[in-house]
Amino acid sequence: MPQPAALGDRVDEHEGWVLPTGEEAVDEVQRARDVAEERKLVAAAVDGSSRAFEALYRRHAARTYALCLRMTGQAATAEDCTQDAFVQAWRHLPRFETRSSFGTWLHRIAVNVVLQQVRRRRESLGAADSVEREVAEVLEDRHAADPAQSRDLEAAITSLPPGARHVLVLVGIYGHTHEEAADMLGIAVGTCKAQLHRARALLGARLDADAGGAR
Amino acid sequence: MTNRDERRDAASLGETRLDAWLRDLPQGVEPSRDLWPAIEARLEPRARRWAPSWAWQAAAAVLLVAGSSLLTATLLDDDGTSGKMAATPGATVAAPADVSAAAVPANYAAGSQLDPEYLAARRQLTAMLNERIANLPDSTRAKLEQNLAEMRRAAEQINAALAEQPGDPLLQDLLLKTYQDELAVLANVNQLTNALGSSASDATKAESKRIDL
Chain A
1 MPQPAALGDR VDEHEGWVLP TGEEAVDEVQ RARDVAEERK LVAAAVDGSS
51 RAFEALYRRH AARTYALCLR MTGQAATAED CTQDAFVQAW RHLPRFETRS
101 SFGTWLHRIA VNVVLQQVRR RRESLGAADS VEREVAEVLE DRHAADPAQS
151 RDLEAAITSL PPGARHVLVL VGIYGHTHEE AADMLGIAVG TCKAQLHRAR
201 ALLGARLDAD AGGAR
Chain B
216 MTNRDERRDA ASLGETRLDA WLRDLPQGVE PSRDLWPAIE ARLEPRARRW
266 APSWAWQAAA AVLLVAGSSL LTATLLDDDG TSGKMAATPG ATVAAPADVS
316 AAAVPANYAA GSQLDPEYLA ARRQLTAMLN ERIANLPDST RAKLEQNLAE
366 MRRAAEQINA ALAEQPGDPL LQDLLLKTYQ DELAVLANVN QLTNALGSSA
416 SDATKAESKR IDL
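Chains as they are written, first to last, in this note's numbering: chain A, 1 to 215; chain B, 216 to 428.
Just chain B, same shape as in the assembly (with noise of 0.2 Å):
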């Protein structure tokens, strides 16, 4: 028996020498093998924890989305330097989906606002994005639905965040990031549309003067 355990005897009245045997026998006995290989074979991996992930996956979509506008900013530069203009005066477009319904409202997570212009300016230019996409080529109008839908699920995802982790600076930063890559995608395929659209009505008045010419 230890000192420490001589005085503990000493400082509790009524322990008989019994519980003093019980509680000098060792608390660990090692066993004959180590379990620890057949132990680690049946652990399951583990999905990370969602609060060190967030921000992996908020800065994965934002990744995503930025390759996206990269993508959708090339393929429209295409389809107008090459000329390939699906809308031709008289021809006849598929109704495109309402990009618009897709959209879900500006957040920017509890208790924040947007910025007053940029919700006007983003109602302005998805309203417009309507009114023209119809005159972009089947393939640019998917992809840029699919890009338009790939940034406002990053919002979503990243607005998600922010109501658990409020104000942090970072997933602010991603959430104006993303807002204002739609932005740039909006107003560069109303641009676009407008060129279009401009050189389309251009060439009808050209062939309307020849003709009468």
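Isolated chain A, as found in the complex (with noise of 0.2 Å):
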């Protein structure tokens, strides 16, 4: 059985394992680094501090913003779950684990959060035509590579129904596990998976059509 190797060591390709480079060795050690400085933040936030609180949603209201964007499809609602996410992070930070990563616990604050939301408001949400191009002009403007090709993406993504549209976004994009996607939204695992399939090949279906109707 092959055995992981050292960071920066060479990339093993005939044993199938894709070791770091240098470069990669040096991100790892500049994330250990965020990590340990997290969990300082986390126990300051714990201990009453704001401000380290501040820091830890400076750090990470962009992907949690992101993942209520495209889990509601409304601009607004995505602001008013992010902001409740996170003060229910406020609320229950004492009672997090630091074994775990903020990130993870606040991902699955911000996706309860959502679904609350979604089950208030399942009537005015859907895959509206004016609902997928709200979220793909917010989105358009960050994507860096491909701006086009990236828009339909968000675009069908978005079109998706919500069942669908939330699995694609954890796994496929937030590269969360069936189990914890599943844990996440409170559905079984084998219905993550069915709904993920679904999900590719709307999706697929969705991007095929737009390209054949450009053409």
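For the record, the hints were derived by calculation from the structure and aren't laboratory data.
Don't take every hint at face value.
[What the hints assert, rightly or not] Here are a few chain A residues that face chain B, going by a calculated C-beta distance under 7 Å:
1. E79
2. Q83
3. F86
The structure displayed is predicted, hence computed values, not measured ones.
Idealized CB from N, CA, C, for every residue including glycine.
Assemble the dimeric complex from its two separately framed chains, guided by the hints.
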């Protein structure tokens, strides 16, 4: 059985292992520093420091907002959800266990807030064309590479039914496992996998249709 | 797509181009406005955690006890020098509250023992105090009872903290100081009531002698 190598080792493609290059090793060290720094901020925030919590907000606001935006499909609702998520995080921070990542924990809270919002506003959410455009426009400016393709992709994601979209966002974009996503969404792992399959199929069909229309 | 992503693609079997596109989407998007001021306005002040605060609470309790002891000593001294003894021979005094009833057993954290001599002295002084506290003026007695109650409350708090942080040297010092203060107050009160009791007794004897003459 192949063994993982130390940071900075060469790539051993014959064994199928992808090992970090020197540049990636530096990234790993930086990530370790970030984690240590974040733990200090969390500890200070638990002790009541709003300055430390603001620093945590600055680190995670963009990712949390993007998650909320992709899941709700509405910029204003996503802002509300982001605010609620951070307020709830502050409230429950003393119970946060530092063994896990603050970002993952915050994601979990944000997903919960979004689901509550979705339940409250179910009738007004959906795949309306105006919503697709709104999200696509919000996201377009942030896509550095190939904005047209990214915009199409974001619009296609927003057009998905909520269940499929939520799974695609969590697993496909944010890299959560099916187990994590299922737990966050309160669904069975099998349902999560089925929703991802459905989302991929719908997304592929949608992108093909757009490409066909463009031709 | 970055080199790293390309290598990851090469290593991952069955990954589709769609998955790669999804992964390349930006994970973060800045909100159109700063949401922090609205969030900050909604943050409830957090009560400080017990762990860092016990020492301050205990220290505050000891400071309070020290202040109370000083005040008690001053009050008792004033009463003694000005001769405002409430109990003169034949005078009726309201029954005092049993000071020992409020006293908690002296602990020194789990697994620790106070000096048996200290415990014996404490028991003896408390018993003497209960006998003689009736001789003190009402205001002094009330103040004394209040201060002793505060000392015992402080000792309870420190003992509770020691149960969570056994062996903490600061807490052990604070607890010892509290017990020493209590002992000093008990000793002072008993000494004072002894002195006042002797003076009153001498005066009664002198009065009897004068009548006999």
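- Item | Violated constraints from the hint list, given by number and in increasing order | none
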